[in-house]
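Based on the hints, put chains A, Y, C, S, X, B and F in the right spot on chain E.
There are 8 protein chains.
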Amino acid sequence: MDDILDRFAQGELTREQARKALVSLGCAQVAVGRLDTGRLERTGQPEVVFCQGKTPDQVAIAMQGLYAHHGRALGTRADADQFAAVEALLPDCEYDPVSSVLRAGNTMETIDGKPAVAVISAGTADLPVAEEAARCAAFLGCRVERYHDCGVAGLHRLLDVRADLEQAGAVIAVAGMDGAMASVLGGLSAVPVVAVPTSVGYGAAFDGLAPLLSMLNACAPGVAVVNIDNGFGAAAFAARIVRGASRE
Amino acid sequence: MDDILDRFAQGELTREQARKALVSLGCAQVAVGRLDTGRLERTGQPEVVFCQGKTPDQVAIAMQGLYAHHGRALGTRADADQFAAVEALLPDCEYDPVSSVLRAGNTMETIDGKPAVAVISAGTADLPVAEEAARCAAFLGCRVERYHDCGVAGLHRLLDVRADLEQAGAVIAVAGMDGAMASVLGGLSAVPVVAVPTSVGYGAAFDGLAPLLSMLNACAPGVAVVNIDNGFGAAAFAARIVRGASRE
Amino acid sequence: MDDILDRFAQGELTREQARKALVSLGCAQVAVGRLDTGRLERTGQPEVVFCQGKTPDQVAIAMQGLYAHHGRALGTRADADQFAAVEALLPDCEYDPVSSVLRAGNTMETIDGKPAVAVISAGTADLPVAEEAARCAAFLGCRVERYHDCGVAGLHRLLDVRADLEQAGAVIAVAGMDGAMASVLGGLSAVPVVAVPTSVGYGAAFDGLAPLLSMLNACAPGVAVVNIDNGFGAAAFAARIVRGASRE
Amino acid sequence: MDDILDRFAQGELTREQARKALVSLGCAQVAVGRLDTGRLERTGQPEVVFCQGKTPDQVAIAMQGLYAHHGRALGTRADADQFAAVEALLPDCEYDPVSSVLRAGNTMETIDGKPAVAVISAGTADLPVAEEAARCAAFLGCRVERYHDCGVAGLHRLLDVRADLEQAGAVIAVAGMDGAMASVLGGLSAVPVVAVPTSVGYGAAFDGLAPLLSMLNACAPGVAVVNIDNGFGAAAFAARIVRGASRE
Amino acid sequence: MDDILDRFAQGELTREQARKALVSLGCAQVAVGRLDTGRLERTGQPEVVFCQGKTPDQVAIAMQGLYAHHGRALGTRADADQFAAVEALLPDCEYDPVSSVLRAGNTMETIDGKPAVAVISAGTADLPVAEEAARCAAFLGCRVERYHDCGVAGLHRLLDVRADLEQAGAVIAVAGMDGAMASVLGGLSAVPVVAVPTSVGYGAAFDGLAPLLSMLNACAPGVAVVNIDNGFGAAAFAARIVRGASRE
Amino acid sequence: MDDILDRFAQGELTREQARKALVSLGCAQVAVGRLDTGRLERTGQPEVVFCQGKTPDQVAIAMQGLYAHHGRALGTRADADQFAAVEALLPDCEYDPVSSVLRAGNTMETIDGKPAVAVISAGTADLPVAEEAARCAAFLGCRVERYHDCGVAGLHRLLDVRADLEQAGAVIAVAGMDGAMASVLGGLSAVPVVAVPTSVGYGAAFDGLAPLLSMLNACAPGVAVVNIDNGFGAAAFAARIVRGASRE
Amino acid sequence: MDDILDRFAQGELTREQARKALVSLGCAQVAVGRLDTGRLERTGQPEVVFCQGKTPDQVAIAMQGLYAHHGRALGTRADADQFAAVEALLPDCEYDPVSSVLRAGNTMETIDGKPAVAVISAGTADLPVAEEAARCAAFLGCRVERYHDCGVAGLHRLLDVRADLEQAGAVIAVAGMDGAMASVLGGLSAVPVVAVPTSVGYGAAFDGLAPLLSMLNACAPGVAVVNIDNGFGAAAFAARIVRGASRE
Amino acid sequence: MDDILDRFAQGELTREQARKALVSLGCAQVAVGRLDTGRLERTGQPEVVFCQGKTPDQVAIAMQGLYAHHGRALGTRADADQFAAVEALLPDCEYDPVSSVLRAGNTMETIDGKPAVAVISAGTADLPVAEEAARCAAFLGCRVERYHDCGVAGLHRLLDVRADLEQAGAVIAVAGMDGAMASVLGGLSAVPVVAVPTSVGYGAAFDGLAPLLSMLNACAPGVAVVNIDNGFGAAAFAARIVRGASRE
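Residue numbers (UniProt numbering), protein chains in the order written: chain E, 1 to 248; chain A, 1 to 248; chain Y, 1 to 248; chain C, 1 to 248; chain S, 1 to 248; chain X, 1 to 248; chain B, 1 to 248; chain F, 1 to 248.
Extracted from the complex, chain E is given alone in its bound form (with noise of 0.2 Å):
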């Protein structure tokens, strides 16, 4: 691998030989998945890399391929050795280290007359979900409002963002612990609420379990959920509600 490395740097390969014949080593050594380059024509969104779990390298060489398609490229869960190498090949990228969100390129344009998307979240300790939400749904070309720090135990805070909240496309409602603020949004607005459970919390949060069963059984109508700490597919759910609709 080094020898093909060093070949590629002394301009001996070409960029695209250089990575057949390092995915030719096999996949146990390099592992460059299929991309799925198609995948914006058929769902209107590209396909996203979900670092964790892959080597620098993996993230480096997804992000790159789909970049190399797109223009841009999105990665989730990321960690600074990642970003690093992504850098290293995307030197536009930058990093999040809050929502731990790497993104190469520019977003996708702001259709104009679609509705925003809100973020709303219950305390510090969901910041990272909420905001890798507010930036996967810009990157897809949403508007975002973010409303930080508005949990149910000082319900005046959710009140006083009320009729902000009616304004948007959809509200992407991010709580751990009880998961109460799904429940309260629903039945105080006509918005569709995607409600993200966080595993902030201990003890009998189970590790994201208690909000995600509490929003499971939002008394209010309107709610729908993702998986526990899914900020990205809150956001590519809102972006495909605010896709079709327009500002009223």
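A hint or two may mislead.
[To be verified] Each computed PhoX-like pair below joins lysine-lysine, with the alpha-carbon atoms no more than 20 Å apart:
hint, chain 1, residue 1, chain 2, residue 2
1, B, Lys114, S, Lys114
2, X, Lys114, F, Lys114
3, Y, Lys114, C, Lys114
4, E, Lys114, A, Lys114
[Claimed, not checked] Simulated restraints on C-beta separations:
hint, chain 1, residue 1, chain 2, residue 2, range
5, B, Ile111, X, His156, 31 to 39 Å
6, B, Ile111, S, Gln167, 14 to 22 Å
7, S, Asn106, B, Asp79, 51 to 59 Å
8, E, Pro97, B, Gln10, 49 to 57 Å
9, C, Thr55, B, Asp79, 27 to 35 Å
10, B, Asp79, Y, Val161, 49 to 57 Å
11, F, Gly113, S, Glu12, 52 to 60 Å
12, C, Leu159, S, Ser246, 27 to 35 Å
13, E, Ser246, A, Pro91, 37 to 45 Å
14, F, Asp92, A, Glu166, 40 to 48 Å
15, B, Thr37, S, Asp112, 36 to 44 Å
16, B, Gln10, C, Arg7, 52 to 60 Å
17, B, Asp79, F, Asp92, 35 to 43 Å
Note that these hints are calculated values from the structure, not bench results.
Glycine included, C-beta positions come from ideal geometry on N, C-alpha and C.
Chains A, Y, C, S, X, B and F only, in chain E's frame:
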């Protein structure tokens, strides 16, 4: 209580007086909840009666109260006895035994220019939940399209309807067992997929836990989940999406 | 056994002799437990009969024994057959079919200057548990106030009664599904909130697991939790609080 | 942001100015939550900072904000780094490494005539949670008594302190493994028992699930439960009880 | 099948021929299992029929087969129909409806000099399981002593019998809900405590999971646990202990 | 619907016209699924009707449709009413009440030179699942051998049949409770062991969870697992194995 | 604290004064539990120190206290730092890194005429738990025999030692994964089998849940279960059995 | 033991002699398991070393023992330290860091005329498990084909390789998250699908529980499941299938 009803029947008590008298017997005997008649204004959707676990009288009084206010009323998870009690008060009430949905009065107006809600289900045993979703969505003013028996065991059935689904404003995907339909749909289209796990199955399906977890972990973006067997919740959520959407 | 009963009926055996004779037949036939008549002195509250899973005879003998000792007796989760068996021995027994509570004799004395116990419930289906709490608290000498149908799906209903709750010595909050009412109450008032999750709901409510976990993870302080559907436990706990409290 | 840091490094900005400038960049970069300073008035207890999962800076800014408003501030689940960050801003801050509690300023006033909060724990490993409860109750203005190492494996230790506990306004019972201490206490005294299951144990203790379930099913009345390891929650609840109680 | 039975009744077929003919009808119709008649020799205890889920015929044939071999037979979790079918073949069969135990023939010989098995239970509802344990232990040749209604909610009841328990060779402790009795017993005596969690309780008892976990985590040594409601298993285990023990 | 049936009975409608008319009444009334008649070609096995949860009419129409296409049809988890409805349409239908299997037409051809499928079960209560496996495997063209009542509590029973099992192409091992049979078999032979956990047992068997987990963790290699009580699934899987195998 | 220790070393403080002074430093600093020195008299076995989660100082002081009283002390789940702290106070302390058992002083006397405790384990990874059981049993005065690597994947290994096991007074069976060894042993011998599930395995072993459930559902009688990885508990229980037993 | 080490340090003992001497001190110090060298004859597959949780020495000795007997040895879940220890004894040992598989000696002979084992995986993160399956199958004498990155989010990737899979003797399907790949494969082909759920994912994937349940509930027949992340188990099972199969 018979006394109050007799006096009401003989005109000695107005309906209002009769109801108050009934209520004043104490909640332990009659248990009429406080109707949330302001919900329509707040959320765009009237309160719906969850009939399971209520007595026929409780259901009937709640349906009557909502009907009086909104000119229509919907009940879910109703049985034949509850239907009989409601029909006695509201003769234009209809009952669908497959979905256990009870409806008095017309559905809400369908707004022009809004895309349809597509309800797609995996197997025959998922039909009651799918029909609950379909009928509730219709009540809430959505155009509804039904695609039954499209489970991934015979993948062609799903691929056959793919183009139709793409025109919808939201897809409600109803499946038990492995819940795999939601993931496949999420990867094939750009429409938001509202997934409803059902309690269909046995053994390690654990009354719907298997498809619930599977859908929450859908490997394709664009999927959000409601409670097990919660056809109504999926409909209310989809109606919120469609209300803000325009047909493209 | 018939022999003993006949001889008792004919006066050959005193009631005491008859009971001893019955008991000496062996526990497999009669199974009268050892009554814990010292509990009143130790804990300020007499033993209460948990009727579920006992035969009508077992319930009747236990109620009679406690009544003989304390001049009053309470049974929870009783059914009509058990009531009939008790009523045959204790004619002043009353039965409430909503809460399944059985009471013989008067409630304990209400002590002057103690604040009330407020029982607040989320929906109509929570009523049986709420009434169990209310009736047990009353039996234990508390003044009781009831606030039904105050779930957070219509938040105004909860905010409406906020000032009233603040006067109570303890609030018993009864809710199923998302259990969000406990969190909201905890953040709005200074009164201890005793939360009772109920088995109301379906699917991922998992027979009360969802509100149980939600309430244990209440994001607002001031909430403690009893077992699912345990109205009696909440009442006994609240009565301990109020017994030590003075109205402010 | 680099700009701010450069100017701070060159002395153009004081640390305080730099931090403020960073905060004004918005929550996504620095994440200062909205403090709920009205909580003291609403609930009789000020907001307390849950430090786990927050950065030292986030903790320090939150503690400072609360201290500025209330003249005191409490943090739970803090580590040494967080303490260092707080101490830099609030020199009178104290840190207890056993309970991980951080306190700046004095405890609230102890009101005359109120009974004490008794904290009783089962084993040495339960000490951190018991101390969290004790220190938080003291901060909230309670007199606190401690009884450590009283698990039921040596029942005499519990019986020895029984008379002392009876004088308390509330007992906080801290135990892991079988959680049996709560049941035994509930049957021995008339004081409300606030049970705290701990994650002490291994295997089928399932990180506190075993004592949690055991305490929720206490066969003696008079027991209510808070989250696993939640010493603070027990203290806040007990303080609400004692605040309304008078010494008898 | 009637044909075979008629021919057997008329002596045309021996019992052996009849049984073989019945079996050869195929397992779907008769389903006589292979009796493990060597178990007595291997383990000191004969096979016992677990009746639940078997047809009356299956139970009767199995009991008859064991009776023919050993001169006695025991069945657990039997109902009245199964009893009737057995009684038709084995007229000296007895049935105890409290424990659902079926016994044909005498109990095994009690060996001199062996200590007793003490069965202690917490509440009236635990009686069926306790009696199953008691009757099975008696069948296996143990002297049995019973102590009912000794739950820790009234601790004196347990302390009262402590000296008696100390004389036993093994204590079978039967309790539901919090299962705390096992821990308390383990710390009070030197006798092995075989704990049987029961499904008595509701809500977060989760059908016996709460006492099962509590007993597995008993903070006092000397406790081992069998399956929920498994009175028979506790008896078989205790009988193995006592068989090797001598009265001290 | 009666109208359509009458007209069909009087010959005014062909069977095909009648069915179409019935279907056009809408799925809520009749609910005939889309039959996957191509499954035989794709997978070598025709679709099989899972009868549980379907109405007798739904079962009958599905069986008839498959029979019309393939000349045979199989239904699992059928009850007597469903059998009656099928028999009315397909007189050569047979029903086995032990396994609840319904079969119309002959089994598929047994291919020469293929090894048998051996079905081995642990106890009498496992028989229904074992028979479902055996009958489904026979329907799918396998030679089937049955070994009942071979649980490891009497290990000799398993060792006795070891040599026979070794000749099979696949072993289906059916056991509840501890599920230990699968592990023992995996270590004794070279044949693939398809393990079927059953819901036989009680308490901590948790409806089959115990043997499911045990079998998934079999310490001997060569074991794979299907769903709890899924005799059909094991048969379909074993038939795929045997179809590709040659007798050795 | 050093000051107190120095003064004690120089004789200015008695041991008692020193300990009191140490304790008066406050539980947060030293946290010496109340030793249960009466346990030996009550239960025949001295208290044993569970080291996990305690500081080296806490372990050392507890070991020293027990050693002072009994002339011996045992600690389980100790690490090297705790050993070092104990060794500094008690130079004759020994540490076994495989089982993490710490022992100071001799084992208890082995009583003549008592049968041995046999410890049998399934695989190499179960060795730490098996050794904890063996060493604890030896400390409690039992003769101990070890049989390692006897899992049912190679059944002959278990059958080979069967005759030896039959001579024991109790068998401690240590196994993870499927836990099948307990069931097989229960059916082969008349000796009580104390089963210890271990956390050996991965995935659906769920940290020992799989063998725990499997062992609780052992299809052979004569098996009781202790907590996952609880070698000490099994030893304490087996020692109670053997203490009452005579060699046959 | 110190003695042995000293003599080894001084050259009086070779490393080999030292290790043997250490082993002879007994299992508590070194813990060499009993190798099951008869397994190859019984099951057609030699014992394989599960390295996780073993010391490098334990792994090395076990690998050496098996190598000495069979001329080859395989280890799974090995790390670099274990590899180093093995390599010191067996220089022809190879280690694959992706799958953590260790192999000494050649793979078993591939038998002519047997179909291949196809390993198909969903995403890059599933690669380690897929490679474990592939390398173990190869070791056991199977021809292996690999198809990576074929998850259903991009369904075309799966459909593209469908024809290739149909030629295999068994398909090993490796997927985490929703596990939907197994169901889709089961409905598309006639080859037995051995499904391996992986722990890839987060939140409600619950470390592989979600795909495990999903695969156990596959709506398409022809799927059986092994433990989470158990690539080796799938390979051993598939090798048993292929060993009995002939290429068609």
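Unmet hints by their number, sorted upward, for this structure: Hint 14 is the one this structure does not satisfy, whereas the remaining hints hold.
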